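2 protein chains.
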Amino acid sequence: MKIKVLSRTDLVEILELTKVIDGVEAVYKAKAEGNVAAWPLVEHHFGNGAVADIRSGGAFGDISIHGAKLLNNFPENAKNNLPVFTGVLMAFDSNTGLPMGIMDASYITSLRTGAAAAIGTAALARPDSKTLLLVGAGRQSIYLLGATLLKMPQIEKVLVADTFSPDNGIQYVQTIKERLKNELSVDCPSTKFEFAENLRDAASRSDIILTITRSTEPLIMKEWLKPGTHLSCIGADMVGKEEIDPEIFSIARSFADDAIQCCNVGEMEIPAKKGIISADSICGEIGEVLVGTKEGRVEASDITVFDATGLAALDLVTAKIALQMSKTKKIGTVVEI
Amino acid sequence: MKIKVLSRTDLVEILELTKVIDGVEAVYKAKAEGNVAAWPLVEHHFGNGAVADIRSGGAFGDISIHGAKLLNNFPENAKNNLPVFTGVLMAFDSNTGLPMGIMDASYITSLRTGAAAAIGTAALARPDSKTLLLVGAGRQSIYLLGATLLKMPQIEKVLVADTFSPDNGIQYVQTIKERLKNELSVDCPSTKFEFAENLRDAASRSDIILTITRSTEPLIMKEWLKPGTHLSCIGADMVGKEEIDPEIFSIARSFADDAIQCCNVGEMEIPAKKGIISADSICGEIGEVLVGTKEGRVEASDITVFDATGLAALDLVTAKIALQMSKTKKIGTVVEI
Numbered sequence: 001m002k003i004k005v006l007s008r009t010d011l012v013e014i015l016e017l018t019k020v021i022d023g024v025e026a027v028y029k030a031k032a033e034g035n036v037a038a039w040p041l042v043e044h045h046f047g048n049g050a051v052a053d054i055r056s057g058g059a060f061g062d063i064s065i066h067g068a069k070l071l072n073n074f075p076e077n078a079k080n081n082l083p084v085f086t087g088v089l090m091a092f093d094s095n096t097g098l099p100m101g102i103m104d105a106s107y108i109t110s111l112r113t114g115a116a117a118a119i120g121t122a123a124l125a126r127p128d129s130k131t132l133l134l135v136g137a138g139r140q141s142i143y144l145l146g147a148t149l150l151k152m153p154q155i156e157k158v159l160v161a162d163t164f165s166p167d168n169g170i171q172y173v174q175t176i177k178e179r180l181k182n183e184l185s186v187d188c189p190s191t192k193f194e195f196a197e198n199l200r201d202a203a204s205r206s207d208i209i210l211t212i213t214r215s216t217e218p219l220i221m222k223e224w225l226k227p228g229t230h231l232s233c234i235g236a237d238m239v240g241k242e243e244i245d246p247e248i249f250s251i252a253r254s255f256a257d258d259a260i261q262c263c264n265v266g267e268m269e270i271p272a273k274k275g276i277i278s279a280d281s282i283c284g285e286i287g288e289v290l291v292g293t294k295e296g297r298v299e300a301s302d303i304t305v306f307d308a309t310g311l312a313a314l315d316l317v318t319a320k321i322a323l324q325m326s327k328t329k330k331i332g333t334v335v336e337i
Numbered sequence: 001m002k003i004k005v006l007s008r009t010d011l012v013e014i015l016e017l018t019k020v021i022d023g024v025e026a027v028y029k030a031k032a033e034g035n036v037a038a039w040p041l042v043e044h045h046f047g048n049g050a051v052a053d054i055r056s057g058g059a060f061g062d063i064s065i066h067g068a069k070l071l072n073n074f075p076e077n078a079k080n081n082l083p084v085f086t087g088v089l090m091a092f093d094s095n096t097g098l099p100m101g102i103m104d105a106s107y108i109t110s111l112r113t114g115a116a117a118a119i120g121t122a123a124l125a126r127p128d129s130k131t132l133l134l135v136g137a138g139r140q141s142i143y144l145l146g147a148t149l150l151k152m153p154q155i156e157k158v159l160v161a162d163t164f165s166p167d168n169g170i171q172y173v174q175t176i177k178e179r180l181k182n183e184l185s186v187d188c189p190s191t192k193f194e195f196a197e198n199l200r201d202a203a204s205r206s207d208i209i210l211t212i213t214r215s216t217e218p219l220i221m222k223e224w225l226k227p228g229t230h231l232s233c234i235g236a237d238m239v240g241k242e243e244i245d246p247e248i249f250s251i252a253r254s255f256a257d258d259a260i261q262c263c264n265v266g267e268m269e270i271p272a273k274k275g276i277i278s279a280d281s282i283c284g285e286i287g288e289v290l291v292g293t294k295e296g297r298v299e300a301s302d303i304t305v306f307d308a309t310g311l312a313a314l315d316l317v318t319a320k321i322a323l324q325m326s327k328t329k330k331i332g333t334v335v336e337i
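Residue numbers (the working numbering), protein chains in the order written: chain A, 1 to 337; chain B, 1 to 337.
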């Protein structure tokens, strides 16, 4: 049996962020229609900060793909000049069970996470939003920013905060416009990028806040927010991670990518443990907003929150797009398995 | 990053059953020493009898490998001349998280399952066992038989029962000696193979019973067994499957590959639900017998049972052996990921 193998280099060449956004949106909608499965998440800690996590599941119906991805994060590798963050995804046709492809999982994870943040933001933020605060200027942040600017071209100003490394944040705003264009084909000549020295001040000036850090304590406090703010919280995807004040959930209309998973390992984990929210008490899942079975933002003054913890189906739909593009562009390696 | 891809054809060429037996034994021992992880098992039913299952985990310490395999069983594929049983395994170095290889998972599953049955049997059966009853003559059975004959060359007679298709059983005994030699390099010129027309009679004459069927009801009853019989139950690996009378567990010394998993999805599932046994009340795990921390068979007259549901670490150690052999024999395809 022949399958396609796609390397990270192949994926960078063939995947377009706009197509990934469409795919992720289709999966969110399929989830609201009962056509997405998220199977038990695996997380293993090796010591020395090293973690492996496995997400598996599928999107059925029209999409019809299932599989698993395993990501490794081994921080100590940096000392030995080895890649810290690696992963592999395997995808199968859900009509036949036959393997479709094997590919690097790290780039796909980055793109689909960016797409997820952008879709949640576009669905819940005020349409007249002009100022976006990006909290976190690490490896992953460019994908959130690029996808959100594609979905919301009305954004005029981006404030960038990096509480872990302000120097990195300062450098980031100097190069990000060029990087968005070169790395993601996102051209935003008139958007202004500013380093946010004072996080409280920046948060209180923003219509949209995207969080993408490895924080384990709140960075954004409830009393800093102006009415009508939307927050997409993306960094918290494992037990113990937290980016925003749990009390924000007591006043916000809150949405999850997967209600149960978010209350177990997402930004909702700690508020859920504190009894502020539960999988049943939140307003709904983002897919329900997209298909119209749940109401997203009701008033312009609502505070809205989108918590995304990641679903294998998002990776898999991105893998499917990559496999289709790899045929068109004749890229990748065909191997016998 | 470069990784090795091994096809089923490659694996058939490079994997030797004796080496797989050694690897599986090493993993069982590592498990008893706390160096094996079995992560949550995933099982998804698609309808039309199609199932996908994912096993993931790792063996650490000296072995140092982790990963996942996804197996698909799509019976309807047969109608369309497509393979029914397919799967892919991905293996990672647990010291660095870096991917080591991707390979077909179906042949590895077959070999390591055969090895598991043989190791449990050799550890628990009476050393003077002469007659073996093989219940089930399907695709998987040759691996159990081959591995057990390697581990227990003292076996003189093999009785083969196929309650689902007696005709298949009759044909099986005519060709199995040749197949063992050709497919698995197991040469047993003096072993006698007989079709077992009457299962009760065959069971009551046997020292060892291996079950490897898709049965969901008991095939072997308690009152059929003579004192001193050992049973290795391999077929039951999902909820609802059952091959032997639950009451056998009330009189037997019972051992699991993984106590909790066996009580959830193995031959022990139904006895556990009936309150006959529990993960705490069984005599131990097979690895504990192998390292000597738990006593296996005590008396020659004991009835012993080994229930194996399969651990990802067994597949992974087999994958590691395959990757080592593929270097020596210069087999497989190196790809960029």
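For the record, the hints were derived by calculation from the structure and aren't laboratory data. Quantities reported herein were computed from a predicted structural model and do not represent experimental measurements. Backbone N, C-alpha and C fix where the C-beta goes; we use that ideal spot for every residue, glycine too. You may find that some hints are simply not true.
Stated by the list, open to error - Partial list, computed: chain B residues near chain A (C-beta under 8 Å):
| id | residue |
| --- | --- |
| 1 | V5 |
| 2 | T9 |
| 3 | A37 |
| 4 | H44 |
| 5 | A50 |
| 6 | I54 |
| 7 | L70 |
| 8 | N72 |
| 9 | N77 |
| 10 | M100 |
| 11 | D104 |
| 12 | C188 |
| 13 | V291 |
| 14 | T293 |
| 15 | E336 |
To be verified - Simulated restraints, written as ranges between beta carbons of each label pair:
| id | chain 1 | residue 1 | chain 2 | residue 2 | range |
| --- | --- | --- | --- | --- | --- |
| 16 | A | N95 | B | G240 | 22 to 32 Å |
| 17 | B | D201 | A | S278 | 37 to 47 Å |
| 18 | A | N95 | B | G138 | 19 to 29 Å |
| 19 | A | R179 | B | K2 | 42 to 52 Å |
Original post:
Which of the stated hints cannot be reconciled with the structure, identified by number in ascending sequence?
Top reply: Going through the list in order, the structure violates hints 10, 12, 13, 14, 17 and 19 and respects the others.
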